Structures are given as C-alpha cells and as structure tokens.
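Same order as they appear, the protein sequences are chains A and B. FYI, our numbering numbers position 101 of the first sequence as 101, with every residue one higher than the one before it. Numbers given in our numbering equal positions in the second sequence, counted from 1, plus 1000.
Calculated from the structure, these hints are not laboratory results. Quantities reported herein were computed from a predicted structural model and do not represent experimental measurements. Ideal Cβ positions, reconstructed from N, Cα and C, are used throughout, including at glycine. Among the clues, some could well be false.
Said to hold, decoys possible - Calculated Cβ distances over 10 Å to all of chain A for the following chain B residues:
#1 Gly1079
#2 Ser1093
#3 Pro1124
As the list claims (entries may be wrong) - As a list, the in silico BS3-like pairs of lysine-lysine whose alpha-carbon atoms are at most 27 Å apart:
#4 A:Lys146 - B:Lys1061
#5 B:Lys1061 - B:Lys1132
#6 B:Lys1046 - A:Lys121
#7 A:Lys28 - A:Lys3
#8 A:Lys3 - A:Lys94
#9 A:Lys28 - A:Lys88
#10 B:Lys1046 - A:Lys88
#11 B:Lys1165 - B:Lys1046
#12 A:Lys146 - A:Lys88
#13 A:Lys189 - A:Lys146
#14 B:Lys1165 - A:Lys28
#15 A:Lys121 - B:Lys1165
#16 A:Lys146 - B:Lys1165
#17 B:Lys1061 - B:Lys1046
#18 A:Lys189 - A:Lys121
#19 A:Lys146 - A:Lys94
#20 A:Lys146 - A:Lys121
#21 A:Lys189 - A:Lys88
Unchecked claim - Label pairs and their calculated CB-CB ranges:
#22 A:Phe159 - B:Ile1128: 43 to 51 Å
#23 B:Arg1170 - A:Thr101: 27 to 35 Å
#24 B:Gly1087 - A:Tyr130: 16 to 24 Å
#25 A:Leu133 - B:Gln1139: 38 to 46 Å
#26 A:Lys121 - B:Glu1145: 42 to 50 Å
#27 B:Pro1147 - A:Thr82: 44 to 52 Å
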Amino acid sequence: MLKNAFLMLVTLALAIGGGGGSVWYALKIQDGVGAIRIGQWTAFPDIGTPAADPYSKARVAREGVLALGRAEGLSFVAERDTAGEQLKRECAYKIEGGFPTARFWTLYAADQSLGVIQTTKPRLAALQSYQVLRQPDNSVIISVSKRPSPGNWLLSDGFGRMYFVLTFYDTPIASSTGLSDVTLPLITKVGCDA
Amino acid sequence: MRRLLHAILLGLVGAGMVHIVVLLLVPEFSERDAWSRLSMASDLYKITRLDAEAGGAPVVKSVDPLFYATACRFDLTDGMVRVNAPGNVPFWSVSVYDRSGHNIYSFNDHTATGRVLDAVVLTPAQMIEVRKDLPEDLQGAIFVEAPIDEGIFVIRSFVPDESWKPIVSRFLDQSSCELQDF
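Could you build the full structure based on these sequences and the hints that come with them?
Structure, rendered in structure tokens:
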C-alpha cells in the first residue's frame, strides 16, 4: 500500500516537476526556434506575430514584450565575436562592414535583459546611422571600448556579459524574402582589460 | 524494481504532456504580459509612456534606447478608436497589438498622408458601417481593420540625439487616443 503511494508520488513529481521545469528552461535560454542566423547575428522575424511558434508566444507573454512590426524594423542580437567567444563588457571590439538597406539603423550594447547597459558616464552606449562616419566604400568601422577612440566610438563599461543589438528601421529585409542575401558587419575582439 | 521503472517511465511521459499543456497555457494566464503591465499603469484610452524618460521604471520593456514610445489600450466593442499625434519628428512608427501582445498591423510615417499620424482602428463590421458614409474629417486617416476586441496601440519615435528629446517628447505627449463617435 505504502509502496504504491510512493510510486504514484514519484510519477506525479516527475511529471509536474519535469514538465514545468523544462518549459521554464526552454523559455530562459536566449536561442530558440524560428531564429535566423547571419554571421554572429541572430534575428527572430516571426516573434510577436500570430504566426510565431508556441515557445516565442510564451516568451512574449512572460516578458511583456511588444515586438517590432514588419513595417517598423528588425532587430539582430549578437552574443559572440567572430572567434566564437562570448562578448564581454571589459573587452574592446571592432564592428566592421557594410550594412543592409534601411532608412536608418541603431546599434547599442546591451545587458542580459537586452536593455541598454548602464554606464557611469552621460554618454549613451548607443549609436545610430545618421551620426556615423563612413569609409569611401560606404562601410562603417565602429570601435567599442571603455576609452574614447577616433572615428565611431561606442561606449561600453563595466564587467560581465554583453550583447550587441542592431536594429534596422523601415527596411526591406524585414520581409522574409529579403533576408536570404544579407550580410552583416563582423565583430572582432581587439583586446581585454585584465 | 520493475514497478519503479514503470513509474519513472510514466512520469516522463507525463512530463511531456505537462510541458505541452504548460507551454500553451502560459500566454493565457501570464500576469506579466504587456496588457497586464499597462493595465496596472493606466486606464483604457490613456496614453502611457513606455520609456523610462517619463520618470520611474519603464512599464513595458521598450527596447531601443534611441527611441521613445507610448501605448494606449483600447476595446473595440466600445466603438472604434482614433489616434492622433501632431508635429514633425524624424521617424515614427505604429504597431497594433492584440490582447496577448501579437503584432497584427504596423506602419510608419512613409505610409501616412503628409507624414501626419492620424489612424483609426476598427473591426471589419465597423469598417462596413464607416464605408457607407465616410465623414469629412476621417478622409486622410489610415484605417486599420483588426478582427479583435481588446488591443494595444503603440507609437514609437526616433530620437537621433539630445536636441530632439524635447521635440519627440512633445510629439508623444500630445498624441491622443480616443473613442470615435460614429
């Protein structure tokens, strides 16, 4: 009798604990179903639309996200550099390359929650395309560092993991057909503060 | 021993079922979704700033730091809702979300006549009524036909640099979101 009750308890605990825990874990990890990868950058074009998969839908509901619409823009998130290492706030990076067609784009350094990182300085850790200097071939070189640098400087500060969020506004690549031959800038590590 | 294995196997199958059920129920029962957060901050048809600039923590995670955003909740069973925003800003875009935060329609300032934000959200049934006799002052408006009852209307506006902050703030604070009599 007691053995039966114990077995039932094991079954129920496994079912409820395992089921609930696996959902929680699946929603917590950054990567997910429906992602589009271009180099180091990841985008979720379907997130927040009625066509999204159940995992994205649950994530939208849990985090209270109001995702950008197709006519507004498309966000890409990078969490690793070209060497495959995680981006760190104490390191300096160079973001270099051409950007796809868009009315304008914004780039910012983000923390785990994808909000802009809080720096101790009045300067925002963000850049936008109207204010950047361009190379003769229309590509852009951005230095990400704690210290000011010539050209385009994106301030980063503090310690811990960092993400880059690159958002294109009013862009043809937001429609699914445009994403096939898009190239995005490369992120290379320049050095780290010990 | 065999009975324990049986119990574990049953538990794993059960876990799979619970996983699916929980996953599908999260959007239904979430109290942290955008609608719930907004309803804690303000009433229906009230324009609410989403960014932290207005003071206090942001209501809904508004992602881009170079953007300001406002939202208003509406209920189309009360009637159609009209949103206006005066002024000229470098870029604005609008999204209409349903009750569970799905983006069902979006447009930006290039879509609008003379780049003026003047939009009406209404159900297909209300659209038929409006089409019969289009009022004079609605002729330039963008009509968003949405097969929903409750929804959220979000205006986002680009802030290129410091100097645009007051202008964009004014643009969003002067926007209106109201029930349109028809």
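Results of checking the hints against the structure:
1. Every CB of chain A lies more than 10 Å from the CB of Gly1079 of chain B, the least distance being 24 Å, so the non-interface label holds.
2. At roughly 4 Å, the least C-beta separation between Ser1093 of chain B and chain A is not larger than 10 Å, which violates its mark as non-interface.
3. Interface exclusion of Pro1124 of chain B from chain A stands, the closest Cβ pair being 16 Å apart, more than 10 Å.
4. A distance of roughly 26 Å separates the Cα atoms of Lys146 of chain A and Lys1061 of chain B; the hinted pair therefore holds under the 27 Å criterion.
5. For a cut-off of 27 Å, the pair hint linking Lys1061 of chain B to Lys1132 of chain B is broken: about 41 Å separates their Cα positions.
6. The straight-line distance between the Cα atoms of Lys1046 of chain B and Lys121 of chain A is roughly 34 Å, outside the 27 Å bound, and the hint therefore fails.
7. Proximity of Lys28 of chain A to Lys3 of chain A is assessed by CA-CA distance (about 37 Å); at most 27 Å being required, the pair is judged violated.
8. With a C-alpha separation of about 63 Å, the suggested pairing of Lys3 of chain A with Lys94 of chain A is violated against the 27 Å cut-off.
9. Simply put, Lys28 of chain A and Lys88 of chain A have alpha-carbon atoms about 20 Å apart, close enough for the 27 Å limit, and the pair holds.
10. The straight-line distance between the Cα atoms of Lys1046 of chain B and Lys88 of chain A is roughly 41 Å, outside the 27 Å bound, and the hint therefore fails.
11. Our distance criterion of 27 Å between C-alpha atoms is met by Lys1165 of chain B and Lys1046 of chain B, whose separation comes to about 22 Å.
12. With a C-alpha separation of about 12 Å, the suggested pair Lys146 of chain A and Lys88 of chain A falls inside the 27 Å cut-off, and the hint holds.
13. A C-alpha spacing of about 13 Å is found between Lys189 of chain A and Lys146 of chain A, which places the hinted pair at or below 27 Å, so the restraint holds.
14. Proposed proximity of Lys1165 of chain B and Lys28 of chain A is contradicted: the alpha carbons are some 34 Å apart, above 27 Å.
15. Between Lys121 of chain A and Lys1165 of chain B the alpha-carbon distance is near 18 Å, which keeps this suggested pair within the 27 Å criterion.
16. Between the alpha carbons of Lys146 of chain A and Lys1165 of chain B the distance comes to roughly 25 Å, so the proposed pair stays at or under 27 Å and holds.
17. With a C-alpha separation of about 18 Å, the suggested pair Lys1061 of chain B and Lys1046 of chain B falls inside the 27 Å cut-off, and the hint holds.
18. Note on Lys189 of chain A and Lys121 of chain A: the hinted pairing holds, with a Cα-Cα distance of about 23 Å set against a maximum of 27 Å.
19. Note on Lys146 of chain A and Lys94 of chain A: the hinted pairing holds, with a Cα-Cα distance of about 12 Å set against a maximum of 27 Å.
20. Distance check on the hinted pair: Lys146 of chain A and Lys121 of chain A sit about 10 Å apart at the alpha-carbon level, within 27 Å; holds.
21. This hinted pair checks out: Lys189 of chain A and Lys88 of chain A have alpha carbons roughly 10 Å apart, not beyond 27 Å.
22. In this structure the supplied range 43 to 51 Å is violated for Phe159 of chain A paired with Ile1128 of chain B, their Cβ-Cβ distance being about 59 Å.
23. Taking the beta carbon of each, Arg1170 of chain B and Thr101 of chain A are about 31 Å apart, inside 27 to 35 Å as hinted.
24. A beta carbon spacing of about 19 Å between Gly1087 of chain B and Tyr130 of chain A agrees with the range 16 to 24 Å that was offered as a hint.
25. A hinted range of 38 to 46 Å holds for the C-beta pair Leu133 of chain A and Gln1139 of chain B, which are about 44 Å apart.
26. In this structure the hint that Lys121 of chain A and Glu1145 of chain B lie 42 to 50 Å apart at CB holds, the actual value being about 47 Å.
27. Against the hinted window of 44 to 52 Å, the Cβ-Cβ separation of Pro1147 of chain B and Thr82 of chain A comes to about 46 Å, which satisfies the hint.
The structure does not agree with the numbered hints 2, 5, 6, 7, 8, 10, 14, 22 stated previously, though it agrees with the rest.
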